Structures are given as C-alpha cells and as structure tokens.
Amino acid sequence: MSDVSPQAVVIGASAGALEALTTILPALPEDFPVPILLVVHIPGDKRSVLAELFRAKCRIKVLEVEDKEPLAAGTAYFAPPNYHLLVEANKTLSLSSDEPVMFSRPSIDVLFESAADAFGPALVGIVLTGANHDGARGLRAITDAGGQAIVQDPKTAFAAAMPEGAIARCPGARVMSLDAIAASLQKVVCA
Amino acid sequence: MVEKVEDIEIRLLLEALYARYHYDFRGYAMASVKRRLRQALEQLAIPTISSLQERLLHDRDMLPQLLGYLTVQVSEMFRDPDYFRAIREQVIPHLRTYPSLKVWVAGCSHGEELYSLVILFREEGLEERTLFYATDISQEALQIAEAGVYPLDRMQLFTENHRRSGGKSSLSDYYQAAYGRVSFDRTLRRNVVFSDHSLVTDAVFGEMNLISCRNVLIYFDRTLQDRALGLFKDSLPRKGFLGLGAKESIRFSEHAGAFRDFVREEKIYQRIGA
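Protein sequence lines, in the order shown, are assigned to chains A and R. Per our numbering, the first sequence starts with residue 747, numbered consecutively. Per our numbering, the second sequence starts with residue 11, numbered consecutively.
Incorrect hints may appear among the rest.
Chain R regions said to be covered by chain A (calculated; three or more residues, Cβ under 8 Å) [what the hints assert, rightly or not]:
no., segment
1, 59 to 72
2, 177 to 191
3, 196 to 205
4, 217 to 229
From the structure, some residues in chain A lie toward chain R, with a derived Cβ separation under 10 Å [as the list claims (entries may be wrong)]:
no., residue
5, 816
6, 832
7, 842
8, 845
9, 902
Here are the simulated EDC-like cross-link-like pairs (lysine to aspartate or glutamate), alpha carbons at most 20 Å apart as the crow flies [claimed, not checked]:
no., chain 1, residue 1, chain 2, residue 2
10, A, 803, A, 765
11, A, 837, R, 236
12, R, 249, R, 271
13, A, 837, R, 231
14, R, 112, R, 217
15, A, 837, R, 13
16, R, 249, R, 217
17, R, 14, A, 798
18, R, 112, R, 138
19, R, 178, R, 134
20, A, 901, A, 765
21, R, 249, R, 231
22, A, 807, A, 844
23, A, 837, R, 17
24, R, 112, R, 156
25, A, 837, R, 92
26, A, 807, A, 777
27, A, 807, A, 765
Because the hints were derived from the structure by calculation, they are not lab data. Since we're looking at a predicted model, the values are computed, not measured. Backbone N, C-alpha and C fix where the C-beta goes; we use that ideal spot for every residue, glycine too.
Isolated chain A, as found in the complex (with noise of 0.2 Å):
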C-alpha cells in the first residue's frame, strides 16, 4: 500500500450506481480533506439531476462540474452528460467532447487516466456496480501510477460485470462492500 496521502478521491458507477452513491457520499463529513470526482454513466441527452439529488443529501458540497473548476476539498464533482471529465496537472477540471470510450461519454477510464497522470500516488480510484467494463483500464492505471485501488465486491453489487472487469485487470486491488468503503474512506483518506 502507498504510503503518500491522497490527494483526490476518483469514483466510477453505472447500472446501480444511484443506490450504492447513497450508501457512500452522505457518510462523508463535511470537512473530507480531498475533493471527490465522480463519473456516472447517464444518458446523454438528458439534463443530469444526479447533483442536485446528491447535494439534497450531503453534507460535503456538490456540484455538476463547469469547464476549467478548481478543485476544492470537501466537494464531489459530478461529470456532465455527454462531456468527458479530465484532471489537468494544474489540479484544475477540462471537459472534453471527444468521442465516447466504450459507448460511454463520460467515461470512467478517461476521468481516472489524467487524475493517475495529475495526482500519480496520490489517488485513490473506486469502482462501483455497473453492467459494462468501463474503469478497468482506468483503475490499472492509478496503480501503475502508485494510487489505491478499491473494488465493490461484485457479490454485492447491482451489476457485477463492471467490478469484476477492474478486479482482473487490477488484482491488488482492495474488494469491499458499500458500507465498508464508506467506513473506510475517510481512514483512506486521512491516513
């Protein structure tokens, strides 16, 4: 395990994702040290409610992210539809077009690829329940960067498929329930 402390928190979810967000961000305190980006697989078409439903329950802040944000401890920012979500090295947001990775704009890997550039060791990168594969590669990533890796248990979650891609693709990587991650995140984070 890495021993540098982290930086930013990086969260990936798909199918499910709505129920097991509920379990982990409004356990977080309002002061979480680190900021919380997250990338959720939503239809593009639609204007997300995903921060305005999360901030009703939060006690960090939350926010859809904005072109060029700075990052804030204390905050979880959720990627827009149909925009990727990008860390530059400066440690501030950029949003991208491009086309989607694996049918998915967002994109899990996209968001956790320039975080592992931008924060190297200083990450910790979770995937959560989803139907698809997308994060795996991403979640490589971060541990070849030095980052920790967690992995809902796929016993546990919604749909299975997407935990278990990011488990073979990074087998140290830390499985664990909801309520576990959501215990145990503020340990990660503060440790």
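Chain A is fixed; fit chain R onto it per the hints.
Using the frame of chain A, we list chain R on its own:
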C-alpha cells in the same frame, strides 16, 4: 517535482509542430492533448512521442494525420436542442431588427453547428440577409464542412434534435441520401464563407451579430480561453450575442465583465458597454 518523460516529449512535440508548421497547440488543455497523442501512437503504431516528432519534422504527410488527432471532434446537428430553441425564440427576435447580419461559427469542425444555424435562419426568414463565417484551423475539417456530407446513420439523431429545437420544417427537406450517406443541399452554403482561422494566432476579421462557438474553448487552457474570448469581445458590437457550449462559462475569464447573461442556462451571452 521532476517532469515526466512523456510530458517533456509532448512539450517538445508541440514546439516542433509550431516551429515547423505554425500550428500552435501549446496553450491547449493538456489532459486531452495527451489522450489524443496516446491514441495516435497506438493507432499509427509509433512507439514514442519522440519518434512521432521525428516523423512530423521530416515527413509532411504526417501533419494532416496528426492534426486529425489533435483537432477533430464529432458533433451533432442541433446538439443540445434547447440551445437552438433559445437562439430561435430569444435571440432571433433581436436579430430580426437588423437589415443585414453576420454570424461567425468559430471552430466549425465538420460543419454540424453551421448547418444547424443556416437551417434555423432559413426557417426564420433571415438567411437571405445573413453572411455566415465558418472557420477552423484544420483544412481537412473545413473541406468536410464545405462538402456537407454525413453518415446516414446519424440522421435519426440529427432529425430528433432538430425537432426538439423547435424546427419548423423537416430536416429531410435539406438533404439527399445515397449509399449510406446524406448530402446537404448546396443552397445552404450560398451565404457561407469557409475560412482558415485560428483563435490562437489570428486576429479579429469583422463585426459580428452572433458568434457561436460551442465546445471549442474546453480544449484550451485558461490563458488561451481568455485570448479567444477577447477576440469574441472585440468582434461584437454592443448587444451582439455570444453562444458557448453547455458546460463552458466566462465565469473564470478576465472578459466576464464585457458580457451579461442573456439566456443563462443555455450559455448565451450579450455584449455590454463597448
């Protein structure tokens, strides 16, 4: 912190691209550039960015290929239908009061946004008095835009977008389909000037009534965004309109004070002062 080898390579490649061919990507948002370069290496089977740089410097044919990776994005006609509805319902009534109009589609790429606006202006009876400027840095993209040919399988989406934007005609009135592709009516290009123009290195070229530049600025870093927004500011007289992409904002720009929100949720701004 020590600069990573890949980052050094990217910096040098972009210097080479500028020194040799005068295409300036040095102020682009690097996370996307890096992704696209990694993609280029993979697909062109080139081992490192340094070897890509060597090819670029010594082989002219490499240039259009690389530009293809660095510039082209797939868009949609009437992408974000609510934006076009807001142009139609809230901006057009103002534009109607002018005897002649100039519209600039900056970073037109393959022309989807351009044709959307021309069709909208035709539906509103303003096409005749409007001159459209469609600009991009990529010759290849401009050629595709000028040809107005798109894959047939995209038409279902374009048609649905057009309908949701409040379209007053049927999109199929404007194209002919053959062999899996559609070709847009050449009369749509009657009042369009296609031109090579860079928001990074070129200057203002005229006074516009509406500038539509959607999902182009997201590829720039903050400094470059300020330059481009400065160009837009100087191209718009008082009450001129600027439309950006759904998640783009002038909030973080030094030029924010030159504009007011006109349709806030659609990122349509109006020039003030001047």
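For this structure, which hints from the list above don't hold up? 1, 2, 3, 9, 17, 21, 22 and 25
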